Amino acid sequence: MIKFKLFKSYLQEEQWLNQLSKTGLELVKKGLFYTFKKGSKQPLIYAIDYRIFKNKADYEEYLGLFHDSGWKHMTGSIRSGEHYFTAFQGQEKVVSIFSDRDSSAMRYKKKAVNSFQGFLTLLCYLLVAHSLKIIDLRMMIQPERAFLTPGLWERSGEVFWKAFYFELPFALIFRMIPVVLFVGYLILLMIYWFWSVYGIKQEQ
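Taking this note's numbering, the leading residue of the sequence shown gets 89, the next gets one more, and so forth.
Derived from the structure by calculation, the hints contain no laboratory data.
Since the structure is predicted, the reported quantities are computational estimates derived from the model, not experimental observations.
Heads up, a few of these hints could be off.
[As the list claims (entries may be wrong)] Computed beta-carbon distance windows for the label pairs:
1) Leu99 - Gln230: 37 to 45 angstroms
2) Gln103 - Asp188: 13 to 21 angstroms
3) Ile166 - Lys96: 26 to 34 angstroms
4) Phe121 - Phe254: 35 to 43 angstroms
5) Leu225 - Phe92: 29 to 37 angstroms
6) Trp241 - Gly127: 57 to 65 angstroms
7) Leu99 - Gly127: 19 to 27 angstroms
8) Lys250 - Arg226: 20 to 28 angstroms
For each residue, glycine too, the CB sits at the ideal point set by N, CA and C.
When you get a sec, could you build the whole thing from the sequences and use the hints?
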């Protein structure tokens, strides 16, 4: 079963997952969508952490610490950021992954830092690429700049449409779409940053 849902905070997301576990749904994958399978109807406790790792050894050590504390890793990878863990409700040996509100807020701080770093890196790349004329950011507000045929916009009638449709696939695939994707991802990183800052304030 696949579901899509947005949340204001990790806590709200955890509560939603906890409720779904009571209906027998168990999270198996999280990307843009949530993927579930039918599992035990025994209520689960979900916990979400945020961590990006530089190497596999650190990642495996991280998972081992959670496993030793009674948490099962459901989904997440070395570079994914979010990691989803579960434990059976009432399991005595399970210790909360966060000792206090400050430690809970750290996951938002890590996401905020990574999002802002990604934003600055991508912004610098776009500005350098624009200055070197590798891409033209002005296409976002002047799409005609994606067409390179000399005198195209001075033509009319059948001559114009033939030249326009001939170049259109190249203008879209090699010029406009890459710029739109880059700028779109830039905006997404800023949304992640604002979301993380909001989460930090909620934990205070």
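Each hint, compared with the structure:
| no. | hint | verdict |
| --- | --- | --- |
| 1 | Leu99 - Gln230: 37 to 45 angstroms | holds, 44 angstroms |
| 2 | Gln103 - Asp188: 13 to 21 angstroms | holds, 19 angstroms |
| 3 | Ile166 - Lys96: 26 to 34 angstroms | holds, 27 angstroms |
| 4 | Phe121 - Phe254: 35 to 43 angstroms | holds, 38 angstroms |
| 5 | Leu225 - Phe92: 29 to 37 angstroms | holds, 31 angstroms |
| 6 | Trp241 - Gly127: 57 to 65 angstroms | holds, 60 angstroms |
| 7 | Leu99 - Gly127: 19 to 27 angstroms | holds, 22 angstroms |
| 8 | Lys250 - Arg226: 20 to 28 angstroms | holds, 26 angstroms |
Checked against the numbered hints given earlier, the structure satisfies every one of them.
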